[in-house]
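There are 2 protein chains.
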Amino acid sequence: MPYHPLKFEYITHTFAAMANKPSIPKGTRDFLPVQSLKRKFIFDTAQSVFQKYGYQPIETPAMENLETLTGKYGEEGDKLIYKILSPVNYPSDLLDKIKLDPQQLSLISAESDKERSHFLGNYVENGEHAKNKGREILSELSNRALRYDLTVPFARFVVQNQNELSFPFKRYQIQPVWRADRPQKGRYREFYQCDVDVIGSDSLLNEAELLSIIDDVFVKLGLPDIVIRLNNRKILSGIAQASGLREHFTEMTIAIDKLDKIGVEGVKKEMIERGLPANGVKKALDHISRKAKPENLLRMLSGSLTGVEDAQRGVEEMRATLAALPTSLQEKVTIDLTLARGLNYYTGAIIEVGHAKFPSSICGGGRYDDLTGIFGLKGMSGVGVSFGADRIYDLMEELNIFPDSMGDQSTMMFVNFGANEAIKSMELARQLREAGYAAEVYPDAVKMAKQMKYANARGFKYVGLLGSKEIEENRITVKDMRSGEHNEVELKHLVEFVFDQSQNHD
Amino acid sequence: MPYHPLKFEYITHTFAAMANKPSIPKGTRDFLPVQSLKRKFIFDTAQSVFQKYGYQPIETPAMENLETLTGKYGEEGDKLIYKILSPVNYPSDLLDKIKLDPQQLSLISAESDKERSHFLGNYVENGEHAKNKGREILSELSNRALRYDLTVPFARFVVQNQNELSFPFKRYQIQPVWRADRPQKGRYREFYQCDVDVIGSDSLLNEAELLSIIDDVFVKLGLPDIVIRLNNRKILSGIAQASGLREHFTEMTIAIDKLDKIGVEGVKKEMIERGLPANGVKKALDHISRKAKPENLLRMLSGSLTGVEDAQRGVEEMRATLAALPTSLQEKVTIDLTLARGLNYYTGAIIEVGHAKFPSSICGGGRYDDLTGIFGLKGMSGVGVSFGADRIYDLMEELNIFPDSMGDQSTMMFVNFGANEAIKSMELARQLREAGYAAEVYPDAVKMAKQMKYANARGFKYVGLLGSKEIEENRITVKDMRSGEHNEVELKHLVEFVFDQSQNHD
Chain A
491 MPYHPLKFEY
501 ITHTFAAMAN
511 KPSIPKGTRD
521 FLPVQSLKRK
531 FIFDTAQSVF
541 QKYGYQPIET
551 PAMENLETLT
561 GKYGEEGDKL
571 IYKILSPVNY
581 PSDLLDKIKL
591 DPQQLSLISA
601 ESDKERSHFL
611 GNYVENGEHA
621 KNKGREILSE
631 LSNRALRYDL
641 TVPFARFVVQ
651 NQNELSFPFK
661 RYQIQPVWRA
671 DRPQKGRYRE
681 FYQCDVDVIG
691 SDSLLNEAEL
701 LSIIDDVFVK
711 LGLPDIVIRL
721 NNRKILSGIA
731 QASGLREHFT
741 EMTIAIDKLD
751 KIGVEGVKKE
761 MIERGLPANG
771 VKKALDHISR
781 KAKPENLLRM
791 LSGSLTGVED
801 AQRGVEEMRA
811 TLAALPTSLQ
821 EKVTIDLTLA
831 RGLNYYTGAI
841 IEVGHAKFPS
851 SICGGGRYDD
861 LTGIFGLKGM
871 SGVGVSFGAD
881 RIYDLMEELN
891 IFPDSMGDQS
901 TMMFVNFGAN
911 EAIKSMELAR
921 QLREAGYAAE
931 VYPDAVKMAK
941 QMKYANARGF
951 KYVGLLGSKE
961 IEENRITVKD
971 MRSGEHNEVE
981 LKHLVEFVFD
991 QSQNHD
Chain B
491 MPYHPLKFEY
501 ITHTFAAMAN
511 KPSIPKGTRD
521 FLPVQSLKRK
531 FIFDTAQSVF
541 QKYGYQPIET
551 PAMENLETLT
561 GKYGEEGDKL
571 IYKILSPVNY
581 PSDLLDKIKL
591 DPQQLSLISA
601 ESDKERSHFL
611 GNYVENGEHA
621 KNKGREILSE
631 LSNRALRYDL
641 TVPFARFVVQ
651 NQNELSFPFK
661 RYQIQPVWRA
671 DRPQKGRYRE
681 FYQCDVDVIG
691 SDSLLNEAEL
701 LSIIDDVFVK
711 LGLPDIVIRL
721 NNRKILSGIA
731 QASGLREHFT
741 EMTIAIDKLD
751 KIGVEGVKKE
761 MIERGLPANG
771 VKKALDHISR
781 KAKPENLLRM
791 LSGSLTGVED
801 AQRGVEEMRA
811 TLAALPTSLQ
821 EKVTIDLTLA
831 RGLNYYTGAI
841 IEVGHAKFPS
851 SICGGGRYDD
861 LTGIFGLKGM
871 SGVGVSFGAD
881 RIYDLMEELN
891 IFPDSMGDQS
901 TMMFVNFGAN
911 EAIKSMELAR
921 QLREAGYAAE
931 VYPDAVKMAK
941 QMKYANARGF
951 KYVGLLGSKE
961 IEENRITVKD
971 MRSGEHNEVE
981 LKHLVEFVFD
991 QSQNHD
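First to last, the protein sequences are chains A and B. Per the working numbering: the first sequence = residues 491 to 996. Per the working numbering: the second sequence = residues 491 to 996.
Worth flagging that the hints you see were computed from the coordinates, not collected in a lab. Treat each hint with caution, since some may be false.
One copy or any two copies: either way a pair holds, since identical chains are not told apart in the list.
Calculated pairs, BS3-like style, for lysine-lysine (alpha carbon to alpha carbon, straight line, at most 27 Å) [as the list claims (entries may be wrong)]: (1) K710 - K982; (2) K868 - K914; (3) K710 - K528; (4) K530 - K710.
Computed from a predicted model, the values in this text were never measured in an experiment.
Construct all of the structure, not just a fragment, from the sequences and the given hints.
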């Protein structure tokens, strides 16, 4: 890649303009080392589980063609897509240019000679036409956009690279996405998604496998006590049919999605206000608010919805999924018929994971048939879940369950007593690194107090003191930063000493 | 994070428009699993070395405020910055809106009630004013931009978070950057940088440490035969002074940067054409084209540039840096006085790493005093290098030196003979995963040939065949995919069997 270093003169020129403290856009974040390490811990944990189940990583570009994204997230979603401007011009400059000289503009914005002559050929010096031309060019200039989620890019990826993939294709993807949502607590404009999906297989074993993955990831993160809520669109659809609400399916699901917020009475009221027949509403809510152990609930549903084909299929799908789970995992799964999660999208299983100590879901997903149809590849069913890495981070912070080792990756710092001592210390540091420890020499021969302050702030386990006298005597003083103890160690035994000490500590 | 699922109706609506094969923007790339794994290998290798030297990860947002980036990369660089448009409007819509109803526009684009009333208060229904207002709003709408490199965001980060950091602050950062460069072979519009820097220390031990890091990273990647070229801006500056070219320093360095392309005569010609005194040009080129072992070269320079303070300091800095290196590394370092690398930026050491089998540099960097001055924090000297991950990838592919284990992370696939067999196989897969192996059950009970084709494509080491007969007899047939051999294994000994086999193979 090309290196474009800073230019000094520009730095100087803009200094005046930058007198204010610098900042970052609303809804975005810097991550300090400790935060970054904790985030990496979450990503690495998830990734190691995904890989054990045979899922493979892919990466897609942050920039997609605008047409790839537009129209996929509903009207509301479309408004939240960040568009990228080709860097040739500011729109404010363009305003003038279009008025003054559209010909010049097309010359600037065209990317190749061919495009350029195309623009010129079509150019007619007519006010209205020029305006339209300008508009066309402007839309050319913003024909790229930032990824809004990982699902649509994944569908695009599968279609575009279908000849390189073996199906069923099991992939995971951990990358940032961007949404122009109004920033608020826990909601960011730039955040990571951590998605795991299978595409090209209808088997319900995939649903079971994903539930196992969810369980494994949260156990490894130190969150074994999750609650997995499971639903199936086909059951909901069957309930609507059986209650005479077939034509009101969308309204019904929008309303029941609010059940935990506004209660059964609230949902009932809303549905009736929306014009749903009171009779059907009552029937549907009777079905939906049922609670029982999965096995019993499924038996009840199957009995009370006899003859409703959709419902029976949904019940069968759920049974098969649950049957493929180990017993320990079955206990974490509850069937929640109120779970809708953007139902127009899912076509089978709907999955959501929660935790008693967290107000919103920390993972969710489901089955969506014909995922790649939008991009011209039919008959590819997909099922997947997305881990809410930022929420999981917040929850783990709140519970204070990140491993202790997170902050102090660094084993030993050598105090810098001057050029010669430092060079000798660098040799020792090298030996420690080769043995697998993180070690560093303080770069400047400044006051001891300053060096020790740094060692404390960084959380080193040991500080090595190698002065000229020690070098003469082939030994080093090692201070244990936890106990405060000092040890004299022969230089050739330093690695061994650190090894023994860390064995004793752990 | 909020989940915004696809909406089915929109999918259907846009299907017609998407009949063409989907694509991604020019200069961006998708990464397939094997490519992603190889990229991860490079990043993980670099990261593990950085951490051993006590460098800590940080992350900054992809989006920065435009003013943070503008003016930092020279006029040319500024043109390559991708600006982001707030997603409220298309610029093409704006054209109309500004003409028709700027009041409405300000209402749409304002983010809060306060901003909204501010806009309204200032609004005067006057053609010219409305146009200016519109322009102002447009510039508001594109006041964010995509990160162009990691250095400027790092400087911004240090200033903004200075109270949270311990100095010297040693950080690494592995994130993508975006540049609207004309795409060509090996040059992308979205690519990763992998930067490692120390800030807040003038010590030359940092330069030595970075050279050690470079060596360690490339040795671990399987590229021990790199060539590290080293220069120092102070020496170049001293040579310019001694040759009477003090006022032509920039022209001189721009010209000598081309030495390997156009040769000494070419450089000479260019400098004279640019109006540099022929006498001085000869003198400077005599100094610069000297080649010798580092020690000898430094002695010669020191002798021939007596009294030129800058040059003497540069020689001293280089000596101190080299002295702090282990002998094995000293041998990989050559002094190259023609190395300039954006000299207006670096103030001390200049570092560039090459490989005989690759045409361009694969890593580079240097010392830049006062890195954070632009953001109001004075006196912070920084030194760092950036690894060209994409180029290193290309080189490693060309040399075919990625580890074999890269593709086949997956140990065992179980053939799916039906629901019952699959559930039993899932139990075995779970046992293998617990023992650290990647294992999966083929999700669909389709034809054996199809399942085996998948197993081959994915590169599994073993395929497990667990039919109803095998289940009855508590055993499984294991096919070794490399030897073609079949083994009958008792179910309770499967993990042990896989362990023994993999020991024998490795």
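Q.
To test your reading of the hints: which numbers does this structure violate?
A. 2
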